[in-house]
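J.: Chains as they are written, first to last, in our numbering: chain U, 38 to 260; chain V, 98 to 270.
I should point out that these hints are in silico values taken from the structure, not numbers from a laboratory. No residue lacks a Cβ here, since even glycine has one placed at the ideal position from N, Cα and C. There may be inaccurate statements among the hints.
[What the hints assert, rightly or not] Per label pair, the in silico range of CB-to-CB distance:
1. V:Asp144 <-> U:Leu167: 50 to 58 angstroms
2. V:Val138 <-> U:Gln176: 31 to 39 angstroms
3. V:Gly255 <-> U:Asn166: 21 to 29 angstroms
4. U:Lys194 <-> V:Asp215: 53 to 61 angstroms
5. U:Gln155 <-> V:Gln195: 51 to 59 angstroms
6. U:Glu83 <-> V:Ala253: 38 to 46 angstroms
7. U:Val108 <-> V:Arg168: 34 to 42 angstroms
8. V:Asp215 <-> U:Asp97: 29 to 37 angstroms
9. V:Arg168 <-> U:Glu83: 47 to 55 angstroms
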Amino acid sequence: MVAIRRSGGLVTLFYAGRLPDPRRPAFAAALAEQRFRTIENAASEEVSVGWVTALDPTGDSFAAADLDAGVATWLRLRIDKKVLPKRWLAIHRDAAAKAKGGKLSARERRELRDDLMQRLLPRVLPTVNLVDALLFHEQKLVLLFATGRAVREAFQKAFFTTFTLPLEAADPLQLGLHTGLGDEQLTALERVEAVRWPDSQGNRVTVTAARPAAAPPTEAASA
Amino acid sequence: MNTRARSSAGTHGFLGEEFLTWLWFRWETDGGEFTTTGGRVVGVALDDLLTFAAPSDDETEQTLRHGLPTRTAEARTALRQGRRLRKARLIIAEGARQWTATLDATTMVLTGVRLPEDAEETESDQDRTADRAANWLLLHEIVRLLYGQFLQQRLAPGYLGAGGEQQAQWMAS
Chain U
38 MVAIRRSGGL VTLFYAGRLP DPRRPAFAAA LAEQRFRTIE NAASEEVSVG
88 WVTALDPTGD SFAAADLDAG VATWLRLRID KKVLPKRWLA IHRDAAAKAK
138 GGKLSARERR ELRDDLMQRL LPRVLPTVNL VDALLFHEQK LVLLFATGRA
188 VREAFQKAFF TTFTLPLEAA DPLQLGLHTG LGDEQLTALE RVEAVRWPDS
238 QGNRVTVTAA RPAAAPPTEA ASA
Chain V
98 MNTRARSSAG THGFLGEEFL TWLWFRWETD GGEFTTTGGR VVGVALDDLL
148 TFAAPSDDET EQTLRHGLPT RTAEARTALR QGRRLRKARL IIAEGARQWT
198 ATLDATTMVL TGVRLPEDAE ETESDQDRTA DRAANWLLLH EIVRLLYGQF
248 LQQRLAPGYL GAGGEQQAQW MAS
């Protein structure tokens, strides 16, 4: 086994609703349902997204021990992407133009590209991206070890497809909703406006609440 | 300079920036020690990266790196201009454990995190994974509890005349 990382970036995601207990077979079965499927031999540009485990990058098995991370469950999403290498396309296009003795027409360029995709793509290996996350079942929390938007969205989509539960990113509002505030504070949180801190060119110290851009300037709260 | 621009992502990005600026305020005025619910004592300090939010869409962010950026004249000037922190590298300690991480306040995303050293008794990868998972969770919990503590003050009806006033004086000093 390999150990989960001890450095890097993370996005906090919350979910509401019931998830199968990760220690039960139903959880592994749900992952297996959305397991990774290889596109190694695909003859077209494709993206494949699916679950694997840290010990089995093929998606063939989801042993409970491979998912076990003590207080958490170790999820791993594999994202493979196969695209026609642009440089190879350019090389073949230049060669065809040279053989023709002039520029290729749009139709010729399209036909060349289609031909290359059929011939080259089965030989092109996809790029592999393994995205780790820790799921804390008790806290209804997922810590995703990827901060890019595209990967985060792919993970959220895979999670939803697998468990039919949406994941909410913990921005300042969402995180605030998970800090145990009372009803009045929750209302205040949703309505809160930014503080307009003073520019202290003089000695006057004023704190005022910000208003929406269209509103007139606020009175000083204190001096 | 009246800072009411919401250049950040989402509607509450400013609140994350206020939280980060509040951490700095508490660190300088109270030593950065926080007792959270449950009696957990956590120490927080700002490290070697500060990014001040742009006051408006037309103005630029300001980033200070290396050394002790909180002690620089540029940082002090930014505070006097009422600018909030958008991003900062934090050192967070609880007992013998220490984390470092850069917090992007508008999204609450943590980057460049370093967990505490693995516990000595962890011998297998399985043990290390369990130990690290617990440390990742603890980091999240600490940030959540600190943010909760900030919100308790920030959302209180008298905030502007109490904690907000004190912070304004600190920023202007």
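J.: Against this structure, judge whether each hint is valid.
T.: Hint by hint, here is what the structure shows:
no.	hint	in the structure
1	V:Asp144 <-> U:Leu167: 50 to 58 angstroms	violated, 30 angstroms
2	V:Val138 <-> U:Gln176: 31 to 39 angstroms	violated, 22 angstroms
3	V:Gly255 <-> U:Asn166: 21 to 29 angstroms	violated, 50 angstroms
4	U:Lys194 <-> V:Asp215: 53 to 61 angstroms	violated, 33 angstroms
5	U:Gln155 <-> V:Gln195: 51 to 59 angstroms	holds, 56 angstroms
6	U:Glu83 <-> V:Ala253: 38 to 46 angstroms	violated, 54 angstroms
7	U:Val108 <-> V:Arg168: 34 to 42 angstroms	holds, 39 angstroms
8	V:Asp215 <-> U:Asp97: 29 to 37 angstroms	holds, 30 angstroms
9	V:Arg168 <-> U:Glu83: 47 to 55 angstroms	holds, 53 angstroms
Checked against the numbered hints above, the structure breaks hints 1, 2, 3, 4, 6 and satisfies the rest.
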